[in-house]
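Trainee: First to last, the protein sequences are chains F and H.
Under the numbering used here, the letters of the first sequence match residues -4 to 513, in that order.
Under the numbering used here, the letters of the second sequence match residues 10 to 296, in that order.
Hints listed in this document are in silico derivations from the structure and should not be mistaken for laboratory results.
Computed from a predicted structure; not experimentally measured.
Virtual Cβ for every residue (Gly too), placed ideally from N, Cα, C.
Careful, some of the hints might be misleading.
What the hints assert, rightly or not - Straight-line Cα separation of at most 25 Å, SDA-like style, residue types lysine to any residue; simulated pairs:
id : chain 1 : residue 1 : chain 2 : residue 2
1  : F       : K452      : H       : L144
2  : H       : K189      : H       : Y228
3  : F       : K452      : H       : R137
4  : H       : K189      : H       : L144
5  : H       : K189      : H       : E134
6  : H       : K290      : F       : V472
7  : F       : K452      : H       : A116
8  : H       : K290      : H       : R137
9  : H       : K189      : F       : W455
10 : F       : K452      : H       : Y289
11 : H       : K290      : F       : W455
To be verified - Covered by chain H, according to a simulated footprint, are these stretches of chain F (three or more residues, beta-carbon under 8 Å):
id : stretch
12 : 86 to 92
13 : 133 to 147
14 : 265 to 272
15 : 420 to 434
16 : 481 to 488
What the hints assert, rightly or not - If you want the footprint, here are the derived chain F segments under chain H, 3+ residues with CB under 8 Å:
id : stretch
17 : 228 to 237
18 : 456 to 462
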Amino acid sequence: MSALRENWRIALLVVLLLVSAVALFVPGTPPGATPDEGAAAEGQLTNLQFGIQLSGGTRIRAPVVGMTAEGVAVGFQDESDVTEAVAADLGVDPIDVRASNETQTVEVFARNVTESEFRAALEAEGYQPETIRDGVTDETRSQVVDSVQRRITESALSGGSVQEVAVPGGQTFISITAPDRDRGELVSILEERGVVRVYAVYPVENGSHVREQVLDQDEFAGIGTARESDSGPGVPVTVEESAAEEFATTMATNGFDSQTVCNPNNYNHSNPSSLNGNERCIVATLNGEPVFVAPVTQGLGESFANGDFVNDPTFVMSTSSMEEAREVELSLKSGRLPAPLDFENDDSLSLDPALAEGFQQNSLITGILAVIAVSIVVYVRYGRIEVAAPMVVTALSEVFLLLGFVSFVQYPLNLSHLAGFIAVIGTGVDDLIIIGDEILQQGEVRTGRVFESRFRKAFWVIGAAAATTIVAMSPLVALPLGDLSGFAIITIVGVLLGVLVTRPAYGDILRNLVLDED
Amino acid sequence: MVEYEVPEVDYTQYTNRQLVAIPLAVLVLALAVIGGWWVVTGAPVTYGIDFTGGSEITVETTLSQEEIRATFDEPVSSVQGIEQAENRYIITFESSDIDDIRDSAEAADGMTVLGSGSTSPIFGEENRRLAVLGLAVAFGGMSLLAFVFFRTFVPSIAIVISAFSDIVIPLAVMNVLGIKLSLGIVAALLMLIGYSVDSDILLNNHVLRRSGGFYESTYRAMRTGVTMTVTSIAAMAVMAVTATLFGIDLMADIGLVLVLGLSADLMNTYMLNVTLLRWYKYEGVNR
């Protein structure tokens, strides 16, 4: 037992190495991992997660398009009036303006509006904004994050993630990572504002046609899955109970009370009167473009008239292709983006999986070569295998512990992290050299006491050096400088693991070596 | 048996002035290069696309370099082949309009886009500000710790000057070699702060806190410190070379800057710091 007590540091290292091995290799170990992920997945040896640089995919970081006027005394009742008036003044879609009583701000989400135009528009409505700044409010931004989150979930992007990132004293942007999409695909998913509106187009007394909006985005209760049916591709949708009655009444009173006639080819969205005489169409637009123009069927028309629709407010939006149906489905489900993302000022990274996986292998080779180089230098320097070998083994066990750690917390590894691993090998061996020299080069060690005192002296230097490395790296953890925060985190965790676990264990190993010699 | 011993330098042969002259001259030269660069180009170092905005794509193609350049409407800053992967090139552009660039590449016959990265000028500017901030905070924190550890002016300031010089020298060399500052290099500079301080702390600790004469303590610290630095240089040199062959820019940058900085550290620690300590030990203390 006393052997164990004296060598508890080695015992701790061994235990932690075993724990790391479990975290790395046993399927389903990391919390949150599903049993078919990681080590259990086909062709994967470990539970390690790889980021897009090492497994492919796209990351885009972009600011939100917009300008905010602060200190605008918008009354509680006036929100929608201000919105409409400012939008009309600026010649933008009302969805691109947002007035808020709560935050006393008016925001405009359009690229081509200048600050002075915006100020003039507000002043024309009798408001005196205190300041006008680039960027949008926190509320808008967090809604954009939610909406993007839903959108990437709906579009079956596996493992995609969305985050708001604030630069200290600077702008705030949205960071989106999609492991299985290239840039074009991801941008097209995100660029879609996804505003869906439903119109009824019908003739009025003088023979011309009018277009009346009958439903908007918020009035849908549920969206079905795009599907191919007998009548062609379409998306079944359910209307919100509160809106169903008004919708049905409007439809019925305007002649949609039985089957209607509608030739989609005649319909011109900017000129509804292009329809012939008695044609009545129901039109759904996505971002202002009609995606669905169709007559109302006999059954649906009757249900509007006799009130059945209110009890079962469901109809099918039929589209001309499955692709279009899916697009409508996606837009309806993910809701619209409150404000567009500014892809002209983005920062992006996109890697083909083959190239990225090549990096995995190549950086492994780089790491192994670096370890060999270190081993050769250490061996040449000490000329004693029993000193050099434990050094290299200890440094490697540090890397293994670190791998276990990142695997356990499911931290996605990128190239910068691997550079961090190599840096950890570097500092690790440095510290082992300090310990080794302190103990071996100062004359014979006769007793455990002498050993302890030398070890403690060595440890002071190691602790001071570790503290400095941590201080030097910590700004990178806090600052959103690309992938470098990951590099810094790996280095800091590595240094801590080294100081707390592996380097003390190396001391014990050495003590056994030198004391046994006598 | 191959075995190397760190050679014992006979410091008594040299005066303080002689010893300090070389590292100070190198530091002044480095500062002059950086200052001159600043005057001529408007920036202390040449910024890469991480800091100015721009794009980079990796393509696989059988086209020649000239044909690659001709493929794009956007001005091409550089086309770099990758040693270990034939027909694979990294092309950089000043424009950050990555969509147009990808479109041109994808439209070209026999060119496949494997990866792309872009930074808009706005992000570049932000990165520049953050990098300076990060370096300043790290350097300030390190200096503070140095003073906390040793609580005397000369040994502490020796650590700070040496770390400063370790950062400035690689930056000057980068300018001369035409290497542009990237985010990876910023990380390397921060690591350099950590590495640089290791051997300085070791030296100060041996000289100030141990029994034994100045020269004996210095030699012991040197034996350990040089081994440490040489080991790190070996690891980083291997990383720089292999990563360059594989076209992994980030690792290559970190490796190269650390090799430069650690080499500078050998000179600074064992010429500049040792001298400052000797002055402090023999003359400064008695004042």
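Trainee: Given the hint that F:K452 pairs with H:Y289, test it: the Cα-Cα distance must not exceed 25 Å.
Mentor: 23 Å, holds
Trainee: According to a criterion of three or more residues whose C-beta lies within less than 8 Å of a C-beta of chain H, is the stretch 481 to 488 of chain F covered?
Mentor: holds (count 3)
Trainee: Assess, step by step, whether the Cα of F:K452 is no farther than 25 Å from the Cα of H:A116, and give holds or violated.
Mentor: Given pair F:K452, H:A116 is violated - Cα atoms ~65 Å apart, limit 25 Å.
Trainee: For a C-alpha distance cap of 25 Å, please report whether F:K452 and H:R137 respect it.
Mentor: Violated, at about 41 Å.
Trainee: Given the proposed pairing of H:K290 with F:W455, does the C-alpha separation stay at or below 25 Å?
Mentor: 21 Å, holds
Trainee: Quick one: see if chain H covers the stretch 86 to 92 of chain F, three-plus residues with Cβ-Cβ under 8 Å.
Mentor: violated (count 0)
Trainee: Within a Cα-Cα threshold of 25 Å, do H:K290 and H:R137 meet the stated pairing?
Mentor: It is violated: about 41 Å lies between the C-alpha atoms, which goes past 25 Å.
Trainee: Are there three or more residues in the stretch 265 to 272 of chain F whose C-beta lies within less than 8 Å of some C-beta in chain H?
Mentor: violated (count 0)
Trainee: Going straight from one Cα to the other, do H:K189 and H:L144 come out at no more than 25 Å?
Mentor: Holds - the C-alpha atoms of H:L144 and H:K189 are around 17 Å apart, at most 25 Å.
Trainee: Just to be careful, I want the Cα atoms of F:K452 and H:L144 compared with a cutoff of 25 Å; is the pair within it?
Mentor: 31 Å, violated
Trainee: Hey, H:K189 versus F:W455, does the alpha-carbon distance stay inside 25 Å?
Mentor: Violated - the C-alpha atoms of F:W455 and H:K189 are around 38 Å apart, more than 25 Å.
Trainee: Need the status of pair H:K189, H:E134: alpha-carbon distance at most 25 Å?
Mentor: 15 Å, holds
Hints 1, 2, 3, 6, 7, 8, 9, 12, 13, 14 and 17 from the list above are not met by this structure, while the remaining hints are.
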